[in-house]
Amino acid sequence: MITFEDVSKTYGGQASGRAALAGVSLSVAPGEVFGVIGASGAGKSTLIRLINGLETPSSGKVIVDGDDVAALGVEGLRSLRRRVGMIFQHFNLLSSKTVAGNVAFPLKLAGRPDAEVRARTAELLARVGLSDFAGKYPAQLSGGQKQRVGVARALATGPKVLLCDEATSALDPETTEQILELVSGLNRELGLTIVLITHEMDVVRRVCDRVAVLEAGRVVETGPVEQVFLHPASATARRFVMEVEGPLGGVPGEAGASVDGRLVRLTFRGEATYRPILGAVARETGVDYSILGGRIHRLRETPYGQLTLSLTGGDVEAAIARFQADGVRVDLVGGAGR
Amino acid sequence: MDNIDWAEIGQATLDTLSMLGGSMILTVILGLPLGVILFLTGPGQMLRNRLANGVLSLVINILRSVPFVILLIVMIPLTVALVGTSLGVAGAIPPLVVGAAPFFARLVETALREVDKGVIEASFAMGAKRRQVVLGALLPEAMPGLIAAATVTAIALVSYTAMAGVVGAGGLGDLAIRFGYQRFQTDVMVVTVVLLLVLVQALQMVGDAVVRKVSHR
Ligand SMILES: Nc1ncnc2c1ncn2[C@@H]1O[C@H](COP(=O)(O)OP(=O)(O)O)[C@@H](O)[C@H]1O
Ligand SMILES: [Mg+2]
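From first to last, the protein sequence lines stand for chains A and B.
Count the first sequence with the working numbering and you get residues 1 to 338, in order.
Count the second sequence with the working numbering and you get residues 339 to 555, in order.
Some clues are possibly wrong.
[To be verified] Capping the alpha-carbon separation at 25 Å, the derived lysine to any residue pairs in SDA-like fashion look like this:
hint, chain 1, residue 1, chain 2, residue 2
1, A, K97, A, A134
2, A, K108, B, I408
3, A, K97, B, I515
4, A, K160, A, A139
5, B, K455, A, Y11
6, A, K97, B, S553
7, A, K108, A, S79
8, A, K136, A, V117
9, A, K97, B, M481
10, B, K467, A, I48
11, A, K97, B, L477
12, B, K467, A, V117
13, B, K455, A, Y137
14, B, K467, B, I375
15, B, K551, A, Y11
16, B, K455, A, A139
17, B, K455, B, L372
18, A, K108, B, Q383
19, A, K108, B, G474
20, B, K455, B, G483
21, A, K61, A, G73
22, B, K455, B, T379
23, A, K97, A, T175
24, B, K455, B, R555
25, B, K455, A, T10
26, A, K61, A, E75
27, A, K108, A, K160
28, B, K467, A, T175
29, A, K160, A, R78
30, A, K61, B, E459
[Claimed, not checked] Computed spacing ranges between beta-carbons, pair by pair:
hint, chain 1, residue 1, chain 2, residue 2, range
31, B, G382, A, G327, 52 to 60 Å
32, A, L72, B, H554, 45 to 53 Å
33, B, M384, A, R298, 19 to 27 Å
34, B, A547, A, R118, 26 to 34 Å
35, A, R298, B, R550, 46 to 54 Å
36, B, R469, A, G129, 49 to 57 Å
No lab work stands behind these hints: they were computed from the structure.
Keep in mind that this is a model prediction, so the values were computed, not measured.
Ideal placement from N, C-alpha and C gives every residue a C-beta, glycine not left out.
For reference, chain B alone in the conformation it holds in the complex (with noise of 0.2 Å):
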């Protein structure tokens, strides 16, 4: 394990650390309202709208077909502009957020469509404005699914982290390419695949324990 240079990797933790929480909380601000926008939309649903709910659909869906590294690469200029470099951990979230906001938006339009529609019956029935069962009764009876979509969203980010190490965004990703893989220094690359290991582990088991929080079914 002589290869290994813990403040190295100490830095390359905390670097992946803020990407994920950056490009999350990003994600979620920008995901769940489309993802609710894209269900309310939806036919049958009360604002339905078939023109807005297929564009909003289209673009989801074309965002999701394009290959992470592909996303990386193609959105350099537009990063430039939005945060004034591409690299680092700040040149990493913009295209994370872009990779990751319309997968969590089809996880939240799935949530939701599992609500017991009899619930959203009965808040307008009880007087309830579209605001109001939107917010108070829809949001909340989604709430398990909504934590479990969240999730699955912050896991696939971890190795959209890794994967943007690879354009110079710094991380256990990157580290892992620089020396274990370009270097040959298995070591490190071991000692990063574990570290990202243990993350996707507790962010899966934090996930769970909120989930059972939240649920009352």
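One chain only, chain A, in its complex shape (with noise of 0.2 Å):
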């Protein structure tokens, strides 16, 4: 649905040295949530803006369904843009309309008939749970309402894809659950492709299907959440990890350097989670362990947990074999040979 191909960005003030992106390349799949994660700076905002166009890149083609968005003209561009809407972390919603008038808004600039316009509004403010609230102004709502006004207007002309810029970071927890719960639905409902960006980890592991890491305008690590949550490749993917996790969450490098016995980090997903695992393979292969950290959570739906041992006495290899048996990732962290 959308392709980077080696797309950097400089812009005219910068120093070329310093662009604000790098020779990126990367590929969104219809119906997927992807997200993209970095710090402020990073480079994100230039990505988003440039799957419509409010950017054009220095080189490099970027692909949007089907369309190189450089080669459109005008009307062309006009015509992607009803087809890919956008959520903003300020929301950017028109002070001077209502909330009705700011999701007719769209439709109105596409010219579409009264009739239709005032139904689809209808349409949209109900699906937002915001029917009630047509007639008044945004200064009137509090954010979360805001947002899901700024999700209506964006779904107005009927996109196939949805971009969110930092669309909750200006949200309390609660909220931010509620709009991603929203955003999540959409893709499943509607089957909407969803790029979200982001600079929070707790985001990415609740809705995106892959995340690519930005780090000062270059891509470090891309891969499905899963991945690049429990196995972090790169640096700053480790560091976006510990920020919801803390330092013990099992990352390498980080439980107790002076601890004894063979250091490993396990990583359960799905009903292993649940099962009684390390007591069993205690038993039977006679080996102590003592946990130094570990994190049981959700990546969507799916279940994890992942623990860092220290194992003493008994069969250490035999117990390592017998994780793996039962379908535990083991990796090795440290304290080998003792």
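Bring the two chains, given one by one in their own frames, into a single complex with the hints.
The structure is reproduced here in structure tokens:
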């Protein structure tokens, strides 16, 4: 649905060495929820704005729904923008228009007849649960309600793609949850392709299928969320994971360097998360364990657990083999040979 | 109060009001598009154009730096060419408009700058054409600021009309000078000044009320 081919972007005032984006290649499949995570200034907004042509690449190609965005004329670009909705961190609603007026705006821009505009606006407001607020002005709404208006407005022209630029960053945790639920629902029910930008790993964990990690304009890691989350390969990804899991989350190099025994990290997924494997393995192999760190959570609907253990005594090799036989991934993280 | 000729004061008030009304309408018709162009050609805006913006800005600054009394006199030939006379209400309107339109244009530019850039960007992201962004988002979003700008301009025009009285425009200012000042009829002076004050106060109140009505922030 969306492809970036070696895309770079340097802004007018920027030194050529400090590109906002440098050599970014990625692709987003239809119906996918694709996350882009990065620190402030990493180039996330630049990346998402290239998708609907709010920025043009300095080099490389951005292809959206079959169109090379930079090659589109004025009309082509307008047509693309009706197929690609966007929501924003600060909502960007028109303060001079009512809730209904905001949702109707893209339809009026597209020159749809009044009757259709009215019917569609009512339908969209019902979808986001704001039918009773049609005549209110944005200033009279809470942050979460404003973002729901933003979502309704973005959906007005029936897009295939929804772009979310830090759409929950200005919201409290509870409201964030509601908006993420709403966005996930659109993906499930309408098959909408979603590109979601954030600086919070927790948002990625809740709703994304795949994620790209952006650092200083470059993609340093990309893959399925569970892979990046459970086995982060880059320092940047590890830092983001640690932000939500704390330093003892079984992240390599963190747990007690001065502990005796063989340090291993076990990753349980799905059903294995709830089985009493640890005790069974300890009994069968005579290995003793102490737990140095751990985390149990969900990635979308899948439960997972990760434990960092120090194994002492008994047959350590057999214990490791036994874990693996049970479908538990084992990573050796230190203390080898003792 | 024996010097006061109420019929004459009534006529002068009407003259002032028609000078104000006529020049205000033309000031908005001329100044609003100028202000919009000034804003849109500015750095980082959708029609950014250094040359056009620089020239327009310079012309506006030149016109704004000429004291209004001088403008009144310098413009006499042009005024005669435009409306056939430099006297009366008609003769006052061209210099009033030339004096007030650049001032209003600058205030319009400032009001447009106050509009949240994110809203403009969101409009483009929804597939709006430039014209639709300006008419459907930029101007409506700036409406409270634009009304406030119009109020300030109208009040400035009230004092300009009084000055225009000096070169024979008629109106309350003319009355104040001819009778109040030159013939030492203080009571006429006081009445005209009070009427001008009431006019200014009324404009401010109406302006503020409209701003409140159109502001939904
Ligand atoms: N319009 C612009 N002009 C110049 N530099 C910009 C512009 N927009 C962004 N940048 C720069 O590009 C880099 C990436 O910005 P951005 O994409 O907004 O990052 P993020 O959204 O991840 O915080 C930053 O260094 C920023 O200062
Ligand atoms: Mg950003």
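Quick rundown of the hints versus the structure:
1. A/K97 to A/A134: holds (10 Å)
2. A/K108 to B/I408: Outside the cut-off at roughly 49 Å; violated.
3. A/K97 to B/I515: violated (49 Å)
4. A/K160 to A/A139: Roughly 29 Å separates the two Cα atoms, so the pair is violated.
5. B/K455 to A/Y11: holds (18 Å)
6. A/K97 to B/S553: Holds, at about 10 Å.
7. A/K108 to A/S79: holds (14 Å)
8. A/K136 to A/V117: holds (18 Å)
9. A/K97 to B/M481: Cα-Cα ~12 Å, so holds.
10. B/K467 to A/I48: The given pair, whose Cα atoms are some 20 Å apart, holds under the 25 Å limit.
11. A/K97 to B/L477: holds (12 Å)
12. B/K467 to A/V117: Holds, because 19 Å separates the two Cα atoms, which is no more than 25 Å.
13. B/K455 to A/Y137: Measuring from Cα to Cα gives roughly 19 Å; hence the hint holds.
14. B/K467 to B/I375: holds (16 Å)
15. B/K551 to A/Y11: violated (41 Å)
16. B/K455 to A/A139: holds (17 Å)
17. B/K455 to B/L372: Within the cut-off at roughly 20 Å; holds.
18. A/K108 to B/Q383: With Cα atoms ~24 Å apart, A/K108 and B/Q383 stay inside 25 Å; holds.
19. A/K108 to B/G474: holds (10 Å)
20. B/K455 to B/G483: Given that 25 Å is the threshold and the Cα spacing comes to 15 Å, the pair holds.
21. A/K61 to A/G73: holds (15 Å)
22. B/K455 to B/T379: holds (15 Å)
23. A/K97 to A/T175: holds (23 Å)
24. B/K455 to B/R555: holds (16 Å)
25. B/K455 to A/T10: holds (21 Å)
26. A/K61 to A/E75: Status holds; Cα separation ~19 Å.
27. A/K108 to A/K160: Holds - the C-alpha atoms of A/K160 and A/K108 are around 19 Å apart, at most 25 Å.
28. B/K467 to A/T175: violated (33 Å)
29. A/K160 to A/R78: holds (14 Å)
30. A/K61 to B/E459: holds (22 Å)
31. B/G382 to A/G327: 52 to 60 Å: holds (56 Å)
32. A/L72 to B/H554: 45 to 53 Å: Violated: the Cβ-Cβ distance is about 35 Å, outside 45 to 53 Å.
33. B/M384 to A/R298: 19 to 27 Å: violated (45 Å)
34. B/A547 to A/R118: 26 to 34 Å: holds (31 Å)
35. A/R298 to B/R550: 46 to 54 Å: The hint (46 to 54 Å, Cβ to Cβ) holds, given that A/R298 and B/R550 are roughly 50 Å apart.
36. B/R469 to A/G129: 49 to 57 Å: 34 Å Cβ-Cβ, so the 49 to 57 Å window is violated.
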